[in-house]
Structure formats: C-alpha cells, structure tokens
Amino acid sequence: MNNVESSGEQKRERRQLRAVENFYLWVVSGGRCSFQDSKSKVCNKLLILNEDGRLSNVGEKAHIIGHKGPRYEFAEQYGYKDEDLENISNLMMLCADHHKLIDDHAEAFPPDDLFRMKREHEERVVSLGEINRKSIAIIHKRLAPPIRSLDLIEGTNKLLLEAIELQEEFVDTSLEGWEEAKAMDIALHKQFLDVMACHKDIDVEIFPLSPIPLLIHLGTLITDTISATVYQYDRDQQLWVSNQPGTNRAPSIQTKCQSAFNEDATILVVAVSVSASIDTQDIHNVVENEYDLMDISIENPGINRVLFQEDVQIIQKEFKLAVEKQLQQKRYKEIHLFYSGPAGLAVEIGRGINTRMWPNVYLYHFNIRNNPRYQRTFSV
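Letter by letter, the sequence shown follows residues 1 to 380 of my numbering.
Just so you know, the hints here were simulated from the structure itself, not pulled from any lab data. Take the hints with a grain of salt, since some may be wrong.
What follows is a set of in silico ranges between Cβ atoms, one per label pair, in the way DEER data are often shown [to be verified]:
#1 Arg-119 <-> Gln-237: 25 to 33 Å
#2 Met-196 <-> Gln-77: 58 to 66 Å
#3 Glu-176 <-> His-67: 47 to 55 Å
#4 Asp-172 <-> Asn-371: 55 to 63 Å
#5 Tyr-24 <-> Ala-276: 17 to 25 Å
Straight-line Cα separation of at most 27 Å, DSSO-like style, residue types lysine-lysine; simulated pairs [to be verified]:
#6 Lys-256 <-> Lys-190
#7 Lys-190 <-> Lys-200
#8 Lys-61 <-> Lys-41
#9 Lys-141 <-> Lys-81
#10 Lys-68 <-> Lys-141
#11 Lys-141 <-> Lys-317
#12 Lys-39 <-> Lys-100
#13 Lys-61 <-> Lys-39
#14 Lys-100 <-> Lys-81
#15 Lys-141 <-> Lys-320
#16 Lys-141 <-> Lys-100
#17 Lys-317 <-> Lys-330
#18 Lys-256 <-> Lys-182
#19 Lys-330 <-> Lys-256
#20 Lys-256 <-> Lys-320
#21 Lys-41 <-> Lys-134
#22 Lys-330 <-> Lys-320
Quick reminder that beta carbons are idealized off the backbone N, C-alpha and C, glycines included.
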C-alpha cells in the first residue's frame, strides 16, 4: 500500500484549538472524564488542565470521529469533513485509560454511543451545578511513580483549572539532597503564589505523597492562613480522601499529650505518634543534648487510623496549642520534630508551625533499615 500522497493532494494539518475552545470544552465537561460503561456507570475521574490551555496526560481531548483513525469511516454519515473534525462537537474529555479504550476497541464504541456519552455528561454537569467553584491543585508526590489520575472518594463541585506539580522522585537523602529538595519546595511555592495572583475567589487542593520532612516544609509555606483542602491517599481503596463521604459523624480520634521536662534543657522535642508509636530510644540516638519531650499521640496508633479531615484537624490543633503553650512557659533555642503519621496530616502539621514566632524547627526522616532510624534533615 502506497502511503505517499499524490502530487495533486496537499497534506492537511490538524487545526489547533483556540484557547477559548479549550476552556469551553473543559468547563462543559466539569473537568471530569465523560466515559460511561455498558451499565451506565460514569467514570467522572477528576482531570487536570495545564495553565497554557493544554491538557496533561490525565486529561485528554478524544475525537469521537478520528482523523484517518477510529470511526473515521462514519465522518460523512455524521456530516463531518476533515477540516471539521477539530470542532468541539466532535471532542469529548476522557481520562487517558478510557481514551485508549475507545480507540483500541473502536468497534465496541460507535459514534452514537460516544455522542450520547458526551451529551449526557455535559447535561449532568449543568444540572448538578458542578462548576460553581474553581480550584487549583498542588500535587507534591516525590515517591515514585508519578500521579496519573486523581481518583476521589467523594464528589466535588469544583472545576480544577490548574495543577502545580512536583513529581520528581526524591532519591538523594544526603544533607545536600535534603537542602536541594527544600529549595524545590520553595520554587513550587513561588509558582503557587504566581498562579494565585492570576485568579480571584479560587480554592486550593493539595495532594501530598512525599517524604515527611518535605511535606511538613510545604505546610509551613502554605500556612493555615490560606484556605486549603489537604487530601490523603487511602491505600486500601486507592482513592484520595478528605471528608468522610455520606456521614456527619463525630470525630473518632482522641489525643493525649505526655511530657517529660528537664530544668536545664534548651531543646524541645515534639513527637507526633499517629501511624506508630515513636520509640524514645530512637530520639536519644540522634538528639545528643538534654531536651524536654512532648509526645502527642492517639489511642491505638495505626497506618489508616487518621484519614479524614475531621480527625486531622483535632491532631493539628492539639499539636499547635501544646507547643505554643510550652513556648510561653520556657524559652527554647530549637525544636526537634519527630513524626509518624500520614502524608496529609504532615502538611497540616507544617501549616500549624509559626515560623515567625517559633525557634528553628528541625525535621527528621524515618527509615527502619537505617541505624539510627531517624535522620536529621533540615530546619524550618
């Protein structure tokens, strides 16, 4: 078969969508995947739009009738010429997985079905009022692999306009590596401020899954003076969660704070024990000088004990109030923070640190295979 075009036929390049068309397509889809399966179950996966109007790999513009590809043989039947195939009437928003599915198995997804999916999804977005809030996402995931989708356990009425991402895997745990990672956090925060300056009345949603010191540091940059929703990753369900869906339950977490003080100590050690209890011997192994100890913990620590925002707020409040009360009682030169808990809570703990009023707070990284098991990283 000869793939070379005849001399009388010029190669036609695809028309690039204008920014207004990109944005319109994004808005009418609610920033979500439009796919429905044979049982009418809707994907509704949250997608991401980059600031320049192009879609990232978790949100894709899919052709219902493709260019010389899937379902192209139906173009004339549906009134499309080659130059019309970039019309937004022929484009639908899909996640990468479902885009691949409809193109790899085109015979199972005829144009009628896809046009129906597109129409019903866009009607659903309008009827539910799902675009009455706008948000930007901060994706801080330095534990491989990168995030390819944002699957939420709960519905959201927010249209995700932009995503600020730091997803380069963190591997250098030397002191220089930690300082470099800290600088990357600062650069991410500057990018965040630049984006915030371009929008009014916009929400912030944070998706963290990185080494704990970096997340606490991120929290100190995005302080609790800014309204933000911090999600946590539920590994059992493989979903991002914030508020517990379908309930208005009372928080189930009860905290306790145990203290041991030394009159001559100028260092305050704070241990936050949520996923597991922090062994005081681990602290002794890395903090050589005398110190006062405050251990903030919950009953029966466990990996999935704290997932939802109601419980996170209780622990963050206990941490902030306990430390600030102790700082009023005694003038410390430095604070050393040891943490065992989920990623989302780590960000919130950082958001509770007042870097202008507190002494330097030194952060530690835990690795069970190392000796000592806690490594001092950097201060905030």
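Evaluation of the provided hints:
1. About 31 Å separates the C-beta atoms of Arg-119 and Gln-237, a value consistent with the hinted range of 25 to 33 Å.
2. Between Met-196 and Gln-77, the C-beta spacing of about 48 Å breaks the proposed range 58 to 66 Å.
3. Between Glu-176 and His-67 the C-beta distance comes to about 49 Å, which sits within the given range of 47 to 55 Å.
4. About 20 Å separates the C-beta atoms of Asp-172 and Asn-371, a value inconsistent with the hinted range of 55 to 63 Å.
5. Checking the proposed 17 to 25 Å range against Tyr-24 and Ala-276 shows it is violated: the Cβ atoms sit about 49 Å from each other.
6. Distance hint between Lys-256 and Lys-190 is unfulfilled; the C-alpha atoms sit about 37 Å from each other, more than 27 Å.
7. Restraint check: the Cα-Cα separation between Lys-190 and Lys-200 comes to about 17 Å, which is no more than 27 Å; the hinted pair holds.
8. About 20 Å separates the Cα atoms of Lys-61 and Lys-41, which keeps this hinted pair within 27 Å; it holds.
9. Our distance criterion of 27 Å between C-alpha atoms is broken by Lys-141 and Lys-81, whose separation comes to about 43 Å.
10. Restraint check: the Cα-Cα separation between Lys-68 and Lys-141 comes to about 38 Å, which exceeds 27 Å; the hinted pair is violated.
11. Proposed proximity of Lys-141 and Lys-317 is supported: the alpha carbons are some 25 Å apart, at most 27 Å.
12. For a cut-off of 27 Å, the pair hint linking Lys-39 to Lys-100 stands: about 19 Å separates their Cα positions.
13. A C-alpha spacing of about 23 Å is found between Lys-61 and Lys-39, which places the hinted pair at or below 27 Å, so the restraint holds.
14. About 24 Å separates the Cα atoms of Lys-100 and Lys-81, which keeps this hinted pair within 27 Å; it holds.
15. The suggested pairing of Lys-141 with Lys-320 holds, with an alpha-carbon distance near 25 Å, which does not exceed 27 Å.
16. Under the criterion of a C-alpha separation no larger than 27 Å, the hint pairing Lys-141 with Lys-100 is consistent with the structure, at around 25 Å.
17. Proposed proximity of Lys-317 and Lys-330 is supported: the alpha carbons are some 20 Å apart, at most 27 Å.
18. Distance restraint check for Lys-256 and Lys-182: the Cα-Cα separation of roughly 31 Å exceeds the 27 Å cut-off, and the hinted pair is therefore not satisfied.
19. Proposed proximity of Lys-330 and Lys-256 is supported: the alpha carbons are some 21 Å apart, at most 27 Å.
20. For the suggested pair Lys-256 and Lys-320, the alpha carbons sit about 13 Å apart, so the restraint of at most 27 Å is met.
21. Between the alpha carbons of Lys-41 and Lys-134 the distance comes to roughly 25 Å, so the proposed pair stays at or under 27 Å and holds.
22. Taking the CA atoms of Lys-330 and Lys-320, the gap is about 16 Å. The hint holds against a cut of 27 Å.
In summary, the structure is inconsistent with hints 2, 4, 5, 6, 9, 10, 18 from the numbered list given earlier, while agreeing with the others.
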